[in-house]
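Please model the entire structure based on the sequences and the hints provided.
Sequences listed follow chains A and B, in order.
Be aware that the first sequence starts at 1, since it is given in the UniProt record's numbering, and climbs by one per residue.
Be aware that the second sequence starts at 1, since it is given in the UniProt record's numbering, and climbs by one per residue.
Just so you know, the hints here were simulated from the structure itself, not pulled from any lab data.
Here the structure is a predicted model, which is why all the values come from computation and not from measurement.
Please note that the accuracy of each hint is not assured.
Pairs involving identical chains hold if they fit within one copy or between any two copies, as the list cannot separate such chains.
Unchecked claim - With a cut-off of at most 20 Å between alpha-carbon atoms, the simulated SDA-like pairs for lysine to any residue come out as follows: (1) K339 - P30; (2) K259 - G207; (3) K171 - P183; (4) K184 - G76; (5) K149 - F251.
Protein chains: 2
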Amino acid sequence: MGQFYRVAILGATGAVGTELLELLESRHFPLADLKLLASARSAGTTLKFRGEKLTVEAVNAQSFDGVDIVLASAGGSISKAWAKTAIAAGAVMIDNSSAFRMDSKVPLIVPEVNPQEAANHQGLIANPNCTTILMSVAVYPLHRVQPIKRIVASTYQSASGAGARAMEEVKTQSQAILNGQTPKPEIFPYPLAFNLFPHNSPLNEQGYCEEEMKMVNETRKILGASDLRITATCVRVPVLRAHSESINLEFESPFDVAKAREILSKAPGVKLVDDWQANYFPMPIDASGKDDILVGRIRQDISNPNGLELWLCGDQIRKGAALNAIQIAELLVEKNLLKPQIAAIV
Amino acid sequence: MGQFYRVAILGATGAVGTELLELLESRHFPLADLKLLASARSAGTTLKFRGEKLTVEAVNAQSFDGVDIVLASAGGSISKAWAKTAIAAGAVMIDNSSAFRMDSKVPLIVPEVNPQEAANHQGLIANPNCTTILMSVAVYPLHRVQPIKRIVASTYQSASGAGARAMEEVKTQSQAILNGQTPKPEIFPYPLAFNLFPHNSPLNEQGYCEEEMKMVNETRKILGASDLRITATCVRVPVLRAHSESINLEFESPFDVAKAREILSKAPGVKLVDDWQANYFPMPIDASGKDDILVGRIRQDISNPNGLELWLCGDQIRKGAALNAIQIAELLVEKNLLKPQIAAIV
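Printed below as a string of structure tokens:
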């Protein structure tokens, strides 16, 4: 009846960890065992899974013994600290942090785009940044028909990208402002309730922030298009968990807009929400909790005969992080790309 | 001691009307008389001005007798209904609606950009759309040094663009959601609290909404650049009164980024907020209630050697509407462009 796998979640108590747990359950991942790992601070916490209470354990050198798949979502330094141990123990780590994404030995995978890269893993597969995943799923179906030459993107990123506490902060901040108070921001550097600000990740010398450079570099790696020209402006907005992106695409020659719409209506991981009659297009509230990237406002760019405009929304925690990681795990299982220690349970 | 003018505000009770009143007071506009006009529904309302209570009158055929300047902010149909009467009575109407903006006989003015157009008025001057004013103030100082060839803009528009009731709706909606309710939107077609959506103005056949086409057509008219290629994606966000814009500019040849920053640091109506050290850039909360357009994140576009990226925030009610109208009125006074009925009061 197929095989079952021993999975560990590293960083089980965060926003993405919680979602990973939910997805392993709802997608009926073939689990032989599920281990919840976190820092010593979170150890002892219990989380519900398939009707049972699982206790979070503090990660240690023995944590990965016998584990087939590690889903890591505890941040770059934790992933760096434990990757070697996990791989040495025979596991494949699917890492949600940015630590290894641009490492040429580490495949960076969006299953709808470059699943073939999974075969090249050496024990580690990187899960791309949320904004990159969302954009890749939406533009790849067009790119494979006619290569994209340039992308100008502006993002509208929800609080969830900064974690569960950031989502909570937007709510408490909103309530305080509605009460006439002036709350002091704690998680974000500036108030986000009824406000927005350019993404506050560190800036490089050219003035691009890390989040923007992730979109640039990761998208190139995923699409296998090292000469693709990309510029991005990333902005944090007071939305809870779905990101939106305004994307301007330039091709070598015109891309028929009806054909683009037709292609995207059939693309895996994409749901076309493009109702001109009702003026109804993708919105974060509709994307929240959904697997698909909602894509709409597909237009011929009136400023460029070779251009297309499109607009998308996608759940940042789900497809932007946890779901993509689970889909990579499913891909490893389906293509039989795990290490031979796999627990064969009939 | 100079001259004083009789001013009427048509649409005095709206968000922009209220701001016009505040600005006439705070800027010490040389008023001989101020008349507040509105629909019959709002007649009788009293509004405070210079410590006195003024009563709003229902607009009628005699309302404009003896008036020098009409500041109209009651919507396109009201402006259309009363423009002829006001002009025939000898007034100059500064119209905040979109009714006459693209009329070749009507100057469309941003005082920092094309003040010279005021001399061509025939009794009517149009105040541009908010998004257009904000963008024009920020890009014109660069355009006059080296003509812009193409603009790709994405907006982050506050609730105020849809009026005072829309601002209120965002607050009550936020409160309801925080209370665990699912409020039904009334002013906007979709919930805006903790959400966002593409601007819901009517779409043309190419899929561009009216708001986007205003940015395209009005910007061309104001800059006197009919061949300037512009594309825009307009988005409503849960912010109360300041709009933000992510703007990608393309020139014929490279525009030195240090020079761009230098030019914008001295540009009228612009305040440079471009603190890379502190990762501090324009935000709606900082732009709210301010006259200047805050501009920052001025970067060399890494996807185009002839490109610049910039980010701006500006108060939609203030410079995006009321302040620009008052500045046009001040321009008429300064350049002596009002009709000869001017009341000369020493």
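Tested hints:
no., hint, in the structure
1, K339 - P30, "within (16 Å within a copy, 83 Å between copies)"
2, K259 - G207, "between (37 Å within a copy, 15 Å between copies)"
3, K171 - P183, "both (11 Å within a copy, 16 Å between copies)"
4, K184 - G76, "neither (28 Å within a copy, 42 Å between copies)"
5, K149 - F251, "both (5 Å within a copy, 18 Å between copies)"
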